[in-house]
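Fit chain B to the known structure of chain A by using the hints.
Protein chains in written order, with the UniProt record's numbering: chain A, 1 to 718; chain B, 1 to 77.
Think of the hints as simulated: they come from the structure by calculation, not from any bench.
Heads up, the beta-carbon is just placed ideally off N, CA and C, and yes, glycines get one too.
Careful: at least some of the hints might be erroneous.
As the list claims (entries may be wrong) - For the chain B half of the interface with chain A, some residues (derived, Cβ under 8 Å), not all of them: (1) Glu33; (2) Lys43; (3) Ser46.
Said to hold, decoys possible - Simulated DEER-style distance windows between Cβ atoms: (4) A:Lys535 / B:Thr41: 51 to 59 Å; (5) A:Leu290 / B:Thr41: 19 to 27 Å; (6) A:Gly691 / B:Lys76: 44 to 52 Å; (7) A:Phe309 / B:Ile13: 28 to 36 Å; (8) B:Ser16 / A:Gln151: 21 to 29 Å.
Said to hold, decoys possible - 25 Å max Cα-Cα, derived SDA-like pairs, lysine to any residue: (9) A:Lys249 / A:His225; (10) B:Lys43 / A:Thr265; (11) A:Lys396 / B:Thr41; (12) A:Lys535 / A:Lys392; (13) B:Lys23 / A:Ile697; (14) A:Lys119 / B:Leu75; (15) B:Lys43 / A:Glu506; (16) A:Lys652 / A:Glu459; (17) B:Lys12 / A:Phe502; (18) A:Lys392 / B:Asp10; (19) B:Lys76 / A:Met505; (20) A:Lys392 / B:Arg9; (21) A:Lys297 / B:Lys23.
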Amino acid sequence: MPEVLISPEEIRARQSSPQNRVPRIALIGNPNSGKTSLFNQLTGLNQKVGNFPGVTVDKKTGISQLTPSLKAQIIDLPGTYSLYPKSLDEKVIIDLIHNKKSEAYPDLIIVTADASNLKRNLLLFTQLADLGLPLVLALNMMDVAEEHGVQINVEQLQQDLGVPVIPMNARKGIGIAALKILASQQLTGLNQPFYKIPEELLTLVRQIRYYFELKNDYLALHYAHQYKKLSFLSDDDKSYIEDLLKENKFDSNTLQATETIERYTVINGLLLDSVRVVKAEKNEQFSNKLDKVLTHKVFGYLIFFAVLFLMFQAIFAWASYPMDLIDAGIGALNGFIHERVSGPLVDLLTEGIIAGLGGILIFIPQIAILFAFIAILEETGYMARVTFMMDKIMRKFGLSGKSVVPLISGAACAVPAIMSTRTIDNWKDRIITIFVTPLMSCSARIPIYTVIIALIIPERYYFGFLNLQGIVLMGMYLLGFVAALLSAMALKFFLKTKERSFFIMEFPTYKMPRWKNVGLTIVEKVKAFVFQAGKVILAISVILWVMATYGPGNAMENAEKTALTEAQKLNLTEEETANKIASYKLESSYAGEFGHFIEPAIRPMGYDWKIGIALLTSFAAREVFVGTMATIYSVGADEEEATIQQKLAMEKDENGEMFFNPARGFSLLLFYAFAMQCMSTIAVVYRETKGWKWPIIQMLYMSGLAYLSAWAVYSWLS
Amino acid sequence: MQREEKSVRDLKIGESGTICCLKDPEMGLKLLEMGCIPGTTVKLNSRAPLGDPITIIVNDYTLSLRLDEAETILLKG
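Chain A extracted, bound-state conformation (with noise of 0.2 Å):
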């Protein structure tokens, strides 16, 4: 008997790979070369997003059926303008496409080029050739090249790059046919490089060749330039390099652009054969009128406004309709299985998991409406306008342009905001955008204002209709932006980044969305928070059912027959007893005992330990607040919120004083503005900056920021 036994189904999987695996195609392109469209049109439904390991960037894959009997898995690259990577984004190409051994090695790669605006696009594509990886060219937007009145000779064209060339339209699906046949051919090209590498470069550039064994002078000399960028070399290999360079005097910066500037000029003489322009640019003139309207000193800004209050009023208004429904559906559910079944696995059930998971799907609908919005606004070409007029006046905040929509869309909800801040290429930008969104005031705010500011301030008019009120819940939402944009200034002066801030971009012409993309937007993001976050939001609601379910030894049991000798005493009616048990229990349980814990920490800000357990409560979502105060206010969760109001007012102190004081008011209004009392926000921060530090650094500093303003207002009133 041999010691090792080997299964036939493992000698099958040795056979099958590396040949017999599904082919992968990398799509690699200029941003706006119609690379998502192409990528939508070959892989339609069948799409997945992972991550790029070590990189906040998405890996969007797909399998397409190129032929009856082949299919490909499509890789989908950030879009790029140049193998030199000027953000981390960029970073993860060449890190794909310089390791062989690389479990996304692609077997082939299609370059989406814009046709009407081939010189730029023909760089990346010669950068690619020369790296001797088999190539397809898909010569995108030729509709848009025609309006341009630019001429493509395709024959000539590809006779000179000397890879196959398909002129097509990716968003009406031209030519997907011809790109799919052609793919599957598997075409390998070896041609002339495009680029020569110079003759002193020679020596230095066939040494790392040979030491790393590569089939390729072109993709030697990217060792050199980026060896340090490249995480699948060793600390050794990197110090091989680096030590090669140092004697060699290499200078990266200026090799690099000789080279750019060498790629154009045969660029140049290579278009002069195949590519004529006859008229002149009728599209890029109607951007320009309307720009003249849209970015004007005041019209601009009027509109824009006009924009975001359209898109507040859909996230606010429109979505409340699919949430109340979630929510009534809920509840239903529940209402359902607690009629059937009982018993205390059941409440884990409904009250723990059912509940956990309305808490995450009742983001959806606002999640897919302001999605749908940014979409728009994206793929028309008004984005680059908005954060066009925004980023001087944002980047004295420490912000770019490009944070106004999430910290807007932040006042509805920052889950979908904080989402939206992918858009933001700069690392330090970016972070310091998450890092605010949360201060701005979302609607989930609102119940906790609309409660106390009814308890403390008077219902008064000034002129007739100016609510005093409404005053003061307006100057709520105005301290959260003071405050977000305070804290970005701050956050600006402690963020170190290597990284520089380029706001250089392609000013893109008007066009008009393709529905197609906006769906799938919607969808991708969708799922990534019910999949992502919400793993996160159901673990720490289940939790938090537990500690306000269960109690230490039998205190459970005791706080339900106290309740009911009191009820009986009081001769109370069924459904007050009901509500006083509950309000013992919760009294009684981890979270009661959680509340008396930590009354010490609270009573600065005027808190007692009723406070304390809906401050633990309403961890997992601010709106929780009122539903708990109800319950421990023994008033049953459901009832009106003027009902809890006349409670909470009734409430005295221990000097016979109403409870509830301008004071208490005030401190809790200021510590619900800024704590970060939602698991959702935590959940989505984590995800998107893949780790625990930022999440943590930003409750820390928000917590304190609740925790100081709150008790410097309870002592300055009272």
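Then chain B, alone, in the frame of chain A:
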């Protein structure tokens, strides 16, 4: 010896110039890749309402960039 260099920053709206060289090496690479090659004509297309950033037209397409980025693109003559 050398007089004050003129850069894209100094252009008026609608005015064109020819790129002579790029001052900042790191920024320069990014600009080169976007098509701002020495010898190319560049035209100042518009300014944001607050004066910064600006849009320029190079090689028939529009780029937007901040003033301190535009400053690194030096012009001939």
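Discussion item. Let me make sure I understand: some of the numbered hints might not hold for this structure. Which ones are they, in numerical order?
Written reply: The structure breaks hints 2, 11, 12, 13, 21; every other hint is satisfied.
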